[in-house]
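Use the sequences and the hints to build the structure in full.
Taken in sequence, the protein lines are chains A and B. Quick note on numbering: the numbering used here labels position 335 of the first sequence as 335, and the sequence is numbered without any gaps. Quick note on numbering: the numbering used here labels position 126 of the second sequence as 126, and the sequence is numbered without any gaps.
Worth flagging that the hints you see were computed from the coordinates, not collected in a lab. Check the hints yourself; a few may be wrong.
Stated by the list, open to error - Keeping only pairs whose Cα atoms sit at most 30 Å apart, straight-line, the calculated BS3-like set for lysine-lysine is: (1) 13/B <-> 67/A; (2) 219/B <-> 351/A; (3) 117/A <-> 13/B; (4) 848/A <-> 28/B; (5) 264/A <-> 602/A.
Note that the coordinates shown come from a computational prediction; the quantities given were computed from them, not determined experimentally.
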Amino acid sequence: MIKKITESEVYENTRKRISRRTFIRSGAFLGGSALLVSQLNWACNLLSKAEAGTLTPQEIYELSKAKNIIYSVCLQCHTDCPIKAKLLNGVLVKIDGPAYSSQSMLPHISYSTSPAKAATMEGKLCPKGQAGIQSLYDPYRIVKVLKRTGPRGSNQWETIPFDKAIDEIINGGLLFKNVKGEENRNVLGLKNLYSVRDPNVQKTLSIDAKRVAKKEMTIADFKTKHVDHINLLLDPRHPDLGPINNQFVIQAGRIEHGRKEFAKRWLNDAFGSVNFFEHTSICEQSHHIAYIMATNKYKNGKWFGGKEHMKPDTLNSEFIIYFGTGAFEANFGPPPMAEKVTDGIITGRLKIAVVDPRFSKTAAKAWMWVPLKPGMDGALALGMIRWIIENKRFDRTFLTNANLAAAKDSGEPSWSTAAWLVKIDKDGTPGKYVRASELKLGDENSFVVLKNGIPTAFNPYDTKTAVEGDLMVNTAVQGIQVKSAFQLLWESAASKTLDEWAELCGINSTTITALAQEFTSHGKKSVAEFYRGPVKHTNGYYNALALISLNLMVGNPDWVGGLSVGGGHWHEDGSKPGNPFNLKKMHPNKLGAFGLKISREKAFYEKTTLFNGYPAKRPFYPFTSNLYQEILPSVKADYPYSIKALFLHKGTPGFSVPGAQAQLDVLVNKEKLPLLFACDIVIGESSMFADYIFPDLSVWERWGMPHVTPDVQTKTSKVRQPIVAPLTETVKVFGEEMPICMETIMLAIAEKLNLPGYGGNGLGNGWDFKRPEDYYLKMVANIAIGDKEGETVPDADNPELELFLKSRSHLSKPIFDQQRWEKTVGSDKWKKVVYVLNRGGRYENFIKAYNGNYLGHKFNGLFSLYAEPVATTNHSMTGKPFFGMPVYEPIKDAAGEIVVQDGYDLSLITYKEILGGQSRTLPNDYWLSSILSENYILINSRDAELLGFSNGDKAKVVSTTNPEGVWNFNNGKKKPVVGKVKVIEGIRRGTVAVSWHFGHWAYGATDLKVDGKLIKGDERRTTGLCTNVVLLTDPYLKDVCMTDPIGGSSSFSDTKVKLIKV
Amino acid sequence: MQQTYIKENLVVKMQEDLKRALQKPMNKRSWIMVIDTDKCIGCNACVVSCIAENVSPPGVSYRVVNDIEDGEYPEVSRYFMPTNCQQCDNPPCIEGIPEDAYTKRADGILVFHYDKLKGKKLFQKVENQCPYTAVYYDEGTFYTANTPKLEPYETRPSYEYGEEWSRVGKGQSPINAVRKCHFCLHRLEASMLPACVTTCVGRAMYFGDKNDTDNVVNKLLKNRKWVLINESEGTKPRVFYLTGTILNKETCMTCHG
Ligand code: SF4
Ligand code: SF4
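Right, dumping it as structure tokens:
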């Protein structure tokens, strides 16, 4: 029986000594993780010494001592701020921002500073990060494996041994014969799905499947050739779908570098399934895709390798427009960003404008707040571009440079395709860039501009012959109709008058002019910054491209105060010549994967054997990856194939995807989803539907190598490492003791299924892969040694080596063993690894941030003002091509039809408070919820008056998709989407905003039964509302939210709602 | 060539200021806090840092950040206003309180003696007399009481006033005591700035010795406009609020003159 500790029981103890009995009885959720005895007698010796009066204040203050500090990395949000974790007897008690860190100090201290000295120095960290202690020590954390004993979603569980759970998942069978209605349900195990096992077979099947798709081989020939292996494939008629291995899917939520590579190596490279997913499309994917399209390299007919994220050099900018984002909440982090803004405003260096229907905290400091209509960011940008071009306020030099040589001549690190010629079809549709070969002016990898009216060919990367081009071109060359990319952008911008753009945006045209005027009044020190707001729409990609084009108008890339690619990182994956461990290559007998992903992402409909005219049965998404929202609906539709097992890791589609009901409905569907297992730290809104839940380690107990935001201008490699002893159960895999976590599950399955690349010599000769750190410490070694020769960090000296051990004296074998750690990187590298671990990563000194007028780390590349790959691809449903330049597009469904929501008048947007992320923060971190205990429906005072709402009134949120305004958990329970109205001035009329953290029904918010015992949920965790279930499902597809067909973003901000008084 | 913008780190500088001040005898230094309302972003990092640092239970938060909306759509303003004990030189809160229950230190910090300043009655008196709503009563509760597990970060000791305090055991100080901000005295003495200052995300918080003319805080007070809250009541507060860019002095004075 899990007993709740009462306050009187606590009082029984004395101040100086907590009795062991109380702690053990209070136990831990689901019966594990008792504290170590040593943790119970809080610093008794110290206390007696203090009482004897022999201690100085510094000695008393344990948290100022290096031996009580471990540096690691936060993950309460994806900013991944480095943290200085302070421990008392092995318990994490305080988290601060490390002085070493480029995200928490401005500027950060020298990397060579000794940890002893740094111990009393610390910097910024946001409230979520500091409350990480409460996510680590969450009383609802699970520590053992749970198996459901009732129907899916019934919240009835039993604890079972780890090995038994692994066996069942691998072997399948009548796994739920004790559950009513499932007595005869035979579940296929992973061994049945681990179909192709021979790397050579996988390879030849893959090659020939591609040939079939390309129509270079007939199906008949394929079948004959592969007769022995045809039954290993999903569908012999469509070999390009891949092998049965693909029926095992991993749907991951917040998975980052380190873990991501670990998991992909396991699923893709060892198990042979293509279906690994991150959650990016419910985050900001279209922002990434637009940046990639704008920054792709060109080589031999291919566009590739674009950068997914750029940011202002906020420390030196003079004017920044934040479109649908800010510097003080969400985005890529208040700790690195905020001070650069507040400092700029105070010193008069920086002016900011905030374009957002909501008056955010950032807007509070803005020169101008522009409350535009949701989703009209692209329209605003095009309006500004129109004005900028009409008034000739663009950076002509930057834009006319057509190749590297021209850029160099004018001192520009980067250049663009503005002047490049694009072919125009008979019906006026722009297509590919003109190749020099078509005009007999050069080869097929050279392009053409008009230079003073004369067609001139060039290679984009030519360093010798500078070629500049005319910007406005609309003519015929040798009978081919052409326009310049700049002309196409102009035509798009000029397709409406300023007044028409303003009307679409719901603002005055004078606002557009004022923004454009200011934007072009600071040389290259103006930046249009955006993140999630503008792109969570079906037109997200085009909005993003318009905003990137705005930056190109002022030619700001790579300049101090301009647009920055960031300082980057040392390559933990080992892909650079200097790195000692190239982990991608360290995979003996790698199986590899092939086939179409269940979401049909990164695939061109026309290039598959599924092509059968338009529309496709479900959309294809040729440009995006990680299409989170489309996984479960595709599973339900069995398109392009059915799946058998889903591993849900640290994510919650049933809660966090727009139109969430469609996702929830699949999670309970045992026919479509025969085996569902999850891995997380607490039982969440989606994992509560799982067949098995494995406990995971929280970020304060495990490894990770997250990358740095481009807001930071110096090279930064952060290392997340275990701070406290694991709270989850210890198990044995490959004969080694380790705590249960995602990696342990993968290693255990690898051991039982004999997957290639694990166990003895799993990483190659002499390199075992039996434990998580066999992999992660090699990443640390790569960071320590660096990307090129002569870049290594110093060795840790003796005091540092000693400190390293002392500060880990509370960590025991299953997680820390110095000899084992040393062996896994090699003794020659060990002291360098310690040097990095003692600082929680590697930080280039601040002096490297700038180089004269330029950023220290530059993009140095080509910008596409017109994205050829997009322009030459068809929408898989309409069969019509997309546009290469940014255009204004209304909100459309999957079939390309404009979405109508008659009778619903209020636009609904979501946002994040700085106190919360989507998960792990509000309301379950009690320090945070003591500041904000619930969220509200924010509404403008005049709208409230019209609708008869006053502050604090309760309202239900309803939409065309969810006219009832309710979550249906399919377990007999429902939750209405009801919250309190907060009447404010700081929101656009006609728009309501609901922050996205609250409204939980699991995650410690509900009662559950484990081993027959009741575990009460916590009322404090049920507060507020989550509107995701009200957001539109696609009117055409009906079983998934709307999606940006190019950028892949799920539509979060295109829904109109009504508020109903309750 | 254009000058790039490289700043000196204000936290490092303030810590050097602090170490310098600590070398003087206590009566020669005079601690003050300076809060830039124009730079405060209302993030509440300082609040959480303070709670964690001092192991404050539910209902106790020495630092509060007010979020105030002003104006009418679309002419909206929003201000963030961090408050805490002002360590008044003329503290009204202690009037009529037993003298052994507090110490007004020579460096300006007002110390509450947890073992003496105890009980609801004394608390109510102190609370009523404080014009800054800066004092709290420790009810002896825990955030994770009544959950499956009382978590160890709640029973760990704090180091307030340079002593070790664990809130385990009925009535064990600081349970039932009157609690408030003490400028993180225990950190100051260990050469560390107050927890709210180092963590401040907007870099809106400053700390130093009023008697050191060459330090960060005095430079700020020289170059910027500032206000003291409820100055007219004669409390002589030690927390200075910088204004002038976003929030002007007059706006502050409408409520806190
Ligand atoms: S911004 Fe806050 S929550 Fe996000 S990583 Fe940084 S400290 Fe953690
Ligand atoms: S940490 Fe700083 S910026 Fe954040 S609320 Fe506190 S004073 Fe304001």
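The hints, checked one at a time:
For the hint pairing residue 13/B with residue 67/A, the CA-to-CA distance comes to about 25 Å; that is within 30 Å, so the pair holds. Restraint check for residue 219/B and residue 351/A: the C-alpha separation of about 24 Å stays at or below 30 Å, so the hint holds. Our distance criterion of 30 Å between C-alpha atoms is met by residue 117/A and residue 13/B, whose separation comes to about 15 Å. Using a Cα cut-off of 30 Å, the hinted pair residue 848/A and residue 28/B is violated, with the two alpha carbons roughly 41 Å apart.
For the hint linking residue 264/A to residue 602/A, the alpha-carbon distance of about 17 Å falls within 30 Å, and the restraint holds.
Violation of the numbered hints given earlier is confined to hint 4; every other hint is satisfied by the structure.
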